[in-house]
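Residue numbers (the numbering used here), protein chains in the order written: chain A, 1 to 260; chain B, 1 to 260; chain C, 1 to 260; chain D, 1 to 260.
Hints should not be assumed to be uniformly reliable.
The list treats identical chains as one, so a pair stands whether inside a single copy or across any two.
What the hints assert, rightly or not - Here are the simulated SDA-like pairs of lysine to any residue, each with C-alpha atoms no more than 25 Å apart in a straight line:
no., residue 1, residue 2
1, Lys-18, Gly-256
2, Lys-115, Ser-216
3, Lys-97, Trp-23
4, Lys-27, Gln-127
5, Lys-15, Ser-177
6, Lys-50, His-26
7, Lys-27, Leu-8
8, Lys-115, Phe-254
9, Lys-115, Ser-96
10, Lys-186, Tyr-114
11, Lys-166, Tyr-176
12, Lys-97, Lys-247
13, Lys-27, Asn-215
14, Lys-74, Gly-178
15, Lys-115, Asp-99
16, Lys-186, Lys-247
17, Lys-36, His-26
18, Lys-36, Glu-81
19, Lys-18, Lys-115
20, Lys-27, Arg-193
21, Lys-36, Tyr-192
22, Lys-186, Leu-100
23, Lys-161, Glu-79
24, Lys-188, Leu-159
25, Lys-18, Glu-48
26, Lys-161, Thr-80
27, Lys-188, Phe-246
28, Lys-74, His-258
29, Lys-74, His-28
Hints in this document: simulated from the structure, not taken from any laboratory.
The lines below spell out each chain.
There are 4 protein chains.
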Amino acid sequence: MLRKFVDLSADFRLKNPKEYEKWYGHKHECPELIEKFVYGIPELHREEMKKANYISGAGCLATSAILALYPLAKEGLIETEHIVVDSKVGSSASGSKADLADMHAERANVVRAYKPSFHRHTGEMEQELNFNGNRPVISFSPHAVDLVRGILSTCHVFLNKNLTEKDIWQVYRKYYSGEPFVRIVKEKDGIYRYPEPKLLTGTNYCDVGFERDENSNRLVVMSALDNLMKGASGQAVQAMNIISGFKETEGLEFFGLHPI
Amino acid sequence: MLRKFVDLSADFRLKNPKEYEKWYGHKHECPELIEKFVYGIPELHREEMKKANYISGAGCLATSAILALYPLAKEGLIETEHIVVDSKVGSSASGSKADLADMHAERANVVRAYKPSFHRHTGEMEQELNFNGNRPVISFSPHAVDLVRGILSTCHVFLNKNLTEKDIWQVYRKYYSGEPFVRIVKEKDGIYRYPEPKLLTGTNYCDVGFERDENSNRLVVMSALDNLMKGASGQAVQAMNIISGFKETEGLEFFGLHPI
Amino acid sequence: MLRKFVDLSADFRLKNPKEYEKWYGHKHECPELIEKFVYGIPELHREEMKKANYISGAGCLATSAILALYPLAKEGLIETEHIVVDSKVGSSASGSKADLADMHAERANVVRAYKPSFHRHTGEMEQELNFNGNRPVISFSPHAVDLVRGILSTCHVFLNKNLTEKDIWQVYRKYYSGEPFVRIVKEKDGIYRYPEPKLLTGTNYCDVGFERDENSNRLVVMSALDNLMKGASGQAVQAMNIISGFKETEGLEFFGLHPI
Amino acid sequence: MLRKFVDLSADFRLKNPKEYEKWYGHKHECPELIEKFVYGIPELHREEMKKANYISGAGCLATSAILALYPLAKEGLIETEHIVVDSKVGSSASGSKADLADMHAERANVVRAYKPSFHRHTGEMEQELNFNGNRPVISFSPHAVDLVRGILSTCHVFLNKNLTEKDIWQVYRKYYSGEPFVRIVKEKDGIYRYPEPKLLTGTNYCDVGFERDENSNRLVVMSALDNLMKGASGQAVQAMNIISGFKETEGLEFFGLHPI
Numbered sequence: 001m002l003r004k005f006v007d008l009s010a011d012f013r014l015k016n017p018k019e020y021e022k023w024y025g026h027k028h029e030c031p032e033l034i035e036k037f038v039y040g041i042p043e044l045h046r047e048e049m050k051k052a053n054y055i056s057g058a059g060c061l062a063t064s065a066i067l068a069l070y071p072l073a074k075e076g077l078i079e080t081e082h083i084v085v086d087s088k089v090g091s092s093a094s095g096s097k098a099d100l101a102d103m104h105a106e107r108a109n110v111v112r113a114y115k116p117s118f119h120r121h122t123g124e125m126e127q128e129l130n131f132n133g134n135r136p137v138i139s140f141s142p143h144a145v146d147l148v149r150g151i152l153s154t155c156h157v158f159l160n161k162n163l164t165e166k167d168i169w170q171v172y173r174k175y176y177s178g179e180p181f182v183r184i185v186k187e188k189d190g191i192y193r194y195p196e197p198k199l200l201t202g203t204n205y206c207d208v209g210f211e212r213d214e215n216s217n218r219l220v221v222m223s224a225l226d227n228l229m230k231g232a233s234g235q236a237v238q239a240m241n242i243i244s245g246f247k248e249t250e251g252l253e254f255f256g257l258h259p260i
Numbered sequence: 001m002l003r004k005f006v007d008l009s010a011d012f013r014l015k016n017p018k019e020y021e022k023w024y025g026h027k028h029e030c031p032e033l034i035e036k037f038v039y040g041i042p043e044l045h046r047e048e049m050k051k052a053n054y055i056s057g058a059g060c061l062a063t064s065a066i067l068a069l070y071p072l073a074k075e076g077l078i079e080t081e082h083i084v085v086d087s088k089v090g091s092s093a094s095g096s097k098a099d100l101a102d103m104h105a106e107r108a109n110v111v112r113a114y115k116p117s118f119h120r121h122t123g124e125m126e127q128e129l130n131f132n133g134n135r136p137v138i139s140f141s142p143h144a145v146d147l148v149r150g151i152l153s154t155c156h157v158f159l160n161k162n163l164t165e166k167d168i169w170q171v172y173r174k175y176y177s178g179e180p181f182v183r184i185v186k187e188k189d190g191i192y193r194y195p196e197p198k199l200l201t202g203t204n205y206c207d208v209g210f211e212r213d214e215n216s217n218r219l220v221v222m223s224a225l226d227n228l229m230k231g232a233s234g235q236a237v238q239a240m241n242i243i244s245g246f247k248e249t250e251g252l253e254f255f256g257l258h259p260i
Numbered sequence: 001m002l003r004k005f006v007d008l009s010a011d012f013r014l015k016n017p018k019e020y021e022k023w024y025g026h027k028h029e030c031p032e033l034i035e036k037f038v039y040g041i042p043e044l045h046r047e048e049m050k051k052a053n054y055i056s057g058a059g060c061l062a063t064s065a066i067l068a069l070y071p072l073a074k075e076g077l078i079e080t081e082h083i084v085v086d087s088k089v090g091s092s093a094s095g096s097k098a099d100l101a102d103m104h105a106e107r108a109n110v111v112r113a114y115k116p117s118f119h120r121h122t123g124e125m126e127q128e129l130n131f132n133g134n135r136p137v138i139s140f141s142p143h144a145v146d147l148v149r150g151i152l153s154t155c156h157v158f159l160n161k162n163l164t165e166k167d168i169w170q171v172y173r174k175y176y177s178g179e180p181f182v183r184i185v186k187e188k189d190g191i192y193r194y195p196e197p198k199l200l201t202g203t204n205y206c207d208v209g210f211e212r213d214e215n216s217n218r219l220v221v222m223s224a225l226d227n228l229m230k231g232a233s234g235q236a237v238q239a240m241n242i243i244s245g246f247k248e249t250e251g252l253e254f255f256g257l258h259p260i
Numbered sequence: 001m002l003r004k005f006v007d008l009s010a011d012f013r014l015k016n017p018k019e020y021e022k023w024y025g026h027k028h029e030c031p032e033l034i035e036k037f038v039y040g041i042p043e044l045h046r047e048e049m050k051k052a053n054y055i056s057g058a059g060c061l062a063t064s065a066i067l068a069l070y071p072l073a074k075e076g077l078i079e080t081e082h083i084v085v086d087s088k089v090g091s092s093a094s095g096s097k098a099d100l101a102d103m104h105a106e107r108a109n110v111v112r113a114y115k116p117s118f119h120r121h122t123g124e125m126e127q128e129l130n131f132n133g134n135r136p137v138i139s140f141s142p143h144a145v146d147l148v149r150g151i152l153s154t155c156h157v158f159l160n161k162n163l164t165e166k167d168i169w170q171v172y173r174k175y176y177s178g179e180p181f182v183r184i185v186k187e188k189d190g191i192y193r194y195p196e197p198k199l200l201t202g203t204n205y206c207d208v209g210f211e212r213d214e215n216s217n218r219l220v221v222m223s224a225l226d227n228l229m230k231g232a233s234g235q236a237v238q239a240m241n242i243i244s245g246f247k248e249t250e251g252l253e254f255f256g257l258h259p260i
């Protein structure tokens, strides 16, 4: 009997056992199985998934950064040595074990840089944004904020050629225009002009938006998602739909609530 | 009669009228008065303040970024073209006028990049961190988070020489060891290992901490303050104490509350 | 052409124009239309609704109190002079106009008794809980809490005969066992032992629970709902389904998200 | 050597060992010491405290209810069988042990009736509000809300004679006009018309306010305090000042922060 599954742990995300050792601090216990797994972001690996049986679910923070930067990295448009990913994340991302740092009295009203550098998800980001033999160095810092569900990743990147906002639109459209769960969000007015996790609670969307800094060659790319959906079980269902030959959006059509 | 005052507006923060026009979108109406004002961060301008009558209060976000980066910029230790300041700020920073974006139902549970680039405080930061003829380019993005008071600025900078954590300690100590309102915060364990605004509500402290990224030449510098205190009226009182010849900490000795 | 509609305003909730004047402070402008409207809680008026064209949507706070107390009032089990309804409500219940009291900085971290007595919804509650010629006097106080969506109404009532918890179960089951949107919630252990709005965001449920006070003849009845769903548009859709001959649960089958 | 202390536990709050057994579920282990303790609310027991060495700190919820109702109970103005105390409390009141119910993801956005009846503080309230041989029956229900520090107790009582708001003012003034830490709060307009814990974080005040219900003989009395100050250590310091012969307000003069 052929089994198909999505592994929600981090065990088979990194393809290179040395990278695993670097980020997790111990040797990989089962390196021979690694190559059987496809990294679990359908927007990057849909075709491989269709032929796969084993999927490794992607990290929630990693998913938000990878989807934000994938089109730019694939097209080779950014300086690979200066990629800053500054993420803000809700409390449901720390799991359901009771510990002091996650008690309401200590966790409410915080803006807490809990792992300013060398966070494990960095390895996934560098692996998945590695194109044209040009492995990027990701400067990643996640922050706990007073929120239950949701991630906003603000990616500060520096363009290596002079691109207008219109050029950048075209790049993002090229990769995401047919995607059911990635939306390009960029409004001229209103309260919600950029991606915002508040609008995505319970949905499987990853909203991506950007702004060209007129003061420098920086591009700010923002991506928002629900860490329990597109950042975990929602994306797992999406992957399972693909490897099972089901309609990719099956069970994932919740459109969200507002205000919340 | 000689008057002394601290101007809480942004009118006299920028020394160069062209910079004012760039960031505020209209000509400065009173350029002849600009030179009479001292920019209101005592840690950078204490000696000038002692002889001054007019102080221009500094912006809350600008204060947090400038105090985070001042020692590094003064010593010429960072790449000036790749300075990322990613700030998270509470709702009391948007003033007390009622508008839709600040209503509780729209502002609770948000992580909102409300001005991803070209925020006006960028001009102040670039002016005050401009040393040795090497004007930096600041890539600044502020975010609204679900908090009433407080700012955390995470500054991602790239070192232009190989410095250890110990080296960096020495640089920060050199500038801040005698300062009554800047504390270097860096703990090995516990919940509060880095600067955090939750601990600073009502106080005039700016807590600064840092972490050397082992994966790259990045240094992450974090600074936290209460935007209504060290970010506004507290710092104004501190400056007024200086120009008036009072004890600098007068009226500012509140130590804070926890948990809050 | 026969029109069917649900009026979301408060204009036709009160059957007695004198009551309208008492609670709203001015004469009713269209008393001749009042009798055409059915008060919009299906659990009390389903049969009338089936024959009606005009429904008056019920108040959000009123719905929570009426569903909590309806079985007890109908059966004549409580002292009608000592009915206390203490409600806690989120910010989305105050509408979408920007005013100072609803700004995040003033509305976060509050527990605010904003209308401790003579709230307009009291009139609806007294009307709908008036059985056997025994009009109750409702002592109602709503409180703003730091929450976007949701209401918890804690109803403190005094039993006029000695009833066990089992007796009370039977009373609630009699009225609500067949209801699609009212659930009796009462668990022996776990975090969510009583009704709680946190679990109901986006759903059309009204959860009702109770506890017999061993120290007195008090019964505490708690009811929770989402003020924008069962407290407003959700219940309006439910009523519209009934008057239109549709399946009553059509469009209302969202089960909720947790944690949120 | 004569020792003086304030016991912050609940061991010596109840004067009657049978009451202790009723509320705590086991026999008192040291009944012979009970009479040496004075119950720790200075507004009720200041004269006894001056001669005492042992003080039993009062419960946080109990303090709020007792200070709200003391003048009315002492004067015999309320129906003793129908006293409802509905309290809302922040997360710092549940102590600093990590448990699942207090994790941020489960505790944020809640309105949770965690002990709707038979809460232990009820015994203290009944003891301290027992005047003229007329022991009251307190119907007490505390609720967890999304707040770190603070309690609002809404007390719904029924007057046994016809009193105007002015009459009630006089009663409260009689007992509290000279008190340094009890303030009568009742404004005609503005956002903060009634007592509110948001204004009291870090202070030792208990703010008390009331509203006469025009629709019935109910009086709504609201009291707010910071559970870690007037509800615990602040009141302990106040008591210690008294038994030590210090100025009663020593160390307790913090006026609070706004907004917070």
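For this session: Could you check the structure against the hints above and give me the numbers of any it violates, in ascending order?
Result: Per hint list: 1, 5, 6, 8, 12, 16, 18, 20, 21, 27, 28, 29 violated.
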